[in-house]
Structures are given as C-alpha cells and as structure tokens.
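Asker: The primary structure of each chain is shown beneath.
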Amino acid sequence: MTPLATLLVRDMRIAMRVGGGALMGVLFFLVVVTLVPFALGPDLALLKRIGPAILWLAALLASLLALDRLFAADHEDGSLDLILMGRAPLELVVAVKGLAHWFTTGLPLVIAAPLVGLFLNLDVPAEAALVLTFLVGTPALTFIGLIGAAIAVTLRRGGLLLAVLVLPLTVPVLIFGVAAANAAVVGPVPFGNPFVVLCALTLGSLIVGPFAAAAALRQEME
Amino acid sequence: MKKEIAMAIVDFASPSRFLKFADRAIPWLGGVTVLAFAFAINQAMIAPDDYQQGATVKIMFLHVPGAWLGMLGWALMTLAALGTLVWRHPLADVTAKAAAPVGAAFTLMCLVTGSLWGRPMWGAYWVWDARLTSVLVLFLLYLGVIALWRTVEDPSRAARAAAILTLVGALDLPIIKFSVDWWNTLHQPASVFRLGGPTIDRSILIPLLVMALAFTLLFVTLLVAAMRNEILRRRVRTLRLMQASAAS
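Top line first, the protein sequences correspond to chains V and S.
By our numbering, the letter at position 14 of the first sequence is numbered 14, and the numbering carries on one by one without gaps.
By our numbering, the letter at position 33 of the second sequence is numbered 1033, and the numbering carries on one by one without gaps.
In short, the hints are calculated from the structure, not lab data.
Mixed in with the good hints, there may be bad ones.
[Said to hold, decoys possible] Selected chain S positions facing chain V (Cβ under 7 Å, derived; list incomplete):
{"#": "1", "residue": "1137"}
{"#": "2", "residue": "1141"}
{"#": "3", "residue": "1147"}
{"#": "4", "residue": "1151"}
{"#": "5", "residue": "1155"}
{"#": "6", "residue": "1161"}
{"#": "7", "residue": "1164"}
{"#": "8", "residue": "1165"}
{"#": "9", "residue": "1168"}
{"#": "10", "residue": "1233"}
Yeah, the Cβ is synthetic: ideal placement off N, Cα and C, and Gly gets one too.
This is chain V alone, in the form it adopts within the complex (with noise of 0.2 Å):
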C-alpha cells in the first residue's frame, strides 16, 4: 500500500474505535435535532418548514465534534513528526486525513439524515434534496474545518476556540446548503441555482483547506 492509502486506513481505524467512532457524530447529531421540537414545539407544519435548516445546524455542530483532536493526538503521540517527516506532500497528507475524517463523521451524517429527517416531517423530495446537499456540502465543512484544526493543533483547550474560528467561515456553506435544501420543497429559485454554488464551495474548500492546513502545520512545527 501507498503510504497516502496507509494513513486513510489507520485514521479511520484510529476513528472507529476510540470513542465509539461513527456512530457517536451521528448520536450527537441525533440529539441536537430531538432537543429542536422541545425548543419550538412539536408543530409539525413548522417544523417541516424549517427541518432542513435544523438538520444543517446539527450536521454543522455535528462535524466539529472529533476535529480538535484531527491534528492534536497525532502530535502528542509524536506520529505528526513522523508525517511531516515522510516523503508525501504534505497537502495530501492533509487531505487524506480530512478525507478519513469525512468517511468518519461525514458519511454518517449523510446516510443518518434521512432518517433524522422523518422526526421533522419532511416528506421524500425533501429528503432527497437533503441528502443530496449533505453529500456534497458536508466535505466542505471537514476541509473548512481541518484549518482551524491546524491552527490549534499546539494549543491545549483548542476545542472552543476552533468552534470560534471555523464557525464564521462555513456561512456560506450554510447558506447555500439550506438554500438549495429548501428551493427543492418550496422554491422560489430551482433547485440547481444554491446547489451549484454549494458544488463551487465544496470545490473550493477541498483546495484551500489542505494547502492552508499543510502551512499552518508547518508553521507550528517548527
């Protein structure tokens, strides 16, 4: 195996066992949603109204959950010296530990929503378009996320502040993510108006997120 391919599977094998693994993002995702009807009341006609903004919120939280740790346990168990060390670039690196971070957290997600999204009366066009918007948007918040995941990697309560410095920056995909989630139940744009931008800014991210993390990495370990 490559080394690149040996890195995906030992994150994710690292991702699936300590701490429950897949199934605890998708069980905090789970939460968030379920704590919403008490917050608003279970108004089903609302709640369908506003379900996939709900859910994006919670996939949103959801996928910050485990990056505090992306960068941080590598280096404390000294494995991120062995990395930067190695011979592969290290924006690849990056970028497949973001890509096993998003097999880990991000897929789940993605097949969990449906289910999720029963709770909230969404019916199956709804659903649909959903899933689709989180099968191509979740992966930009992992990339987003994975720089501020670099930039605390030094820091010993980097948990809060990385919420602080990634949240700002996934607005926009956010915005478009819901946009494009709603246009498909209720319009008034098409649905492919928001959902090509969200593709643009999930392209986007899986450029600038490693090359900014790789440098930020860098930077730190010096």
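Start from chain V and add chain S according to the hints.
Answerer: Just chain S now, with coordinates in the frame of chain V:
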C-alpha cells in the same frame, strides 16, 4: 529556552527604528487627526438633510468610514500576514496584531451605526441581508483572530497561526464588497466608488469624504500607537525572560 530568548532578542532589536519613528509621528498624527475632525464635523453639521431620510442621513458620516476602515484593517492584516509568512518580519507580526482590535472597533462602529439607521429607515435594527451578514462575519473573524492572539503565548508562533487565519478570512472581503451586486439586498448598492461617478449629491458627498479622511487619520494614529505599545510589551516580555533565565 535559549532559542526562545535568541528570537526574543531579534524582536528586541529590529523594530527599534519604528519605535523612534512612532514617538515622533504620534503627536503630529494626533494633531492632524483632531484638526481633520474639527473640519469634518463642521462640514457634517452644515450638510443638508436628505429629502427622504431627514437628519438620519448624517449617520452615514460614521457608518461608511467605519465600513471602509473595517475592511481596510483586514486588508492591512492580510498584507502583514504575507510579511509574516514570507519574510518573517517581526514588524509585520506587530502590525497584524495591532490592526486587529482597531479594525474590529471600526467594524463594530459600522454595525452599530448601521442598525441605528436601519431602525427608523427599514423598521428593524437588523435584517439578514447579504451585506449585513458578511460584515457581521468579518466582525466575528476579527474576534476570532484576537482570541487566537491571546491564546498562543509565544508571539511569533501566534503571529504565524493568526497569519494563516487572516489569509483564509480575506476571502470574506470580496464577498462584502460585491454582496450588493451579487444578491438583491435591502442595503443600497455601491454609490461612491462606481463606474459613472458617485450617485450621492455633492452637498453630502464632500462631508462624507472629509469625514472618511478624518477617520482614516484616526485609524493610522491608533494603529501606530498600538504598534508602539505592542513593541514595548514585547520588550517587557523579553526583559522578563532574560531576568528569569538569569535567576535560574
């Protein structure tokens, strides 16, 4: 420890030329700023009320300079971030750190005056409009950078982390600028710097530009003073480190 002290001594030595310049420039800058404000406030007072907005149009004299300088602050931090990452210049670190609270203050001024104007004109203190939202995001980014500066103890390490965040956050600047063109917003489109000349009447445009000049001078004065303070703060830190290592 030794390396840290050596780095601290480099910090100690290099910006001393700036310190000399700052000591001389600050009284002059302050004086010119006061004069400019005296003139600008006078101009703003005698400017006529708008036929639709009445006296509230004068809020613009604070709002627009706040917005420009809030964005200028981040642009300056972006340049400083390049200086930090590419040339490792300690003065770039100092500029970036000093500009953050100043820029945040001007952005806050823009948000507060904007919402005070919005209440009588739009009927709400806040609307979730693209321009307003992107400026709010800029303000949050400012606070994030300030928090990062305060979290990382070693100044040069903090500078590099903040520089990367600043570069990424700079993507928000074009969004703010073009938000009124890309989306159909409640906020009016660009009316000063546009092709075909400004759409504001001269009687209000001239006080606005004078006011913007005065606020820019204030921005520069505050920035230079904050940079001087930051350099002095680093010197104190260096002396403390040296004292501590001498004692041990």
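Asker: Each hint needs a verdict: does it hold in this structure or not?
Answerer: Evaluation of the provided hints:
1. Using the Cβ-Cβ criterion of 7 Å, the hint placing residue 1137 of chain S at the interface with chain V is satisfied: the shortest such distance is roughly 5 Å.
2. A least Cβ separation of about 5 Å between residue 1141 of chain S and chain V falls short of the 7 Å threshold, and the interface hint therefore holds.
3. Using the Cβ-Cβ criterion of 7 Å, the hint placing residue 1147 of chain S at the interface with chain V is satisfied: the shortest such distance is roughly 6 Å.
4. With 7 Å as the threshold, the beta carbon of residue 1151 of chain S comes within range of chain V, its nearest partner Cβ sitting at about 6 Å, so the hint holds.
5. Given hint, residue 1155 of chain S at the interface with chain V, is violated; its Cβ is 13 Å from that chain's nearest Cβ, farther than 7 Å.
6. Of the supplied interface hints, the one on residue 1161 of chain S holds, with its beta-carbon coming within about 5 Å of a beta-carbon of chain V, less than 7 Å.
7. Look at residue 1164 of chain S: its Cβ gets to within about 5 Å of chain V, closer than 7 Å, so that hint holds up.
8. Taken as an interface hint, residue 1165 of chain S checks out: its beta carbon lies about 6 Å from the nearest beta carbon of chain V, inside 7 Å.
9. Among the interface hints, the one on residue 1168 of chain S holds; its C-beta lies about 5 Å from the nearest C-beta in chain V, closer than the 7 Å criterion.
10. This hint is violated: residue 1233 of chain S has a C-beta 21 Å from the nearest C-beta of chain V, more than the 7 Å allowed.
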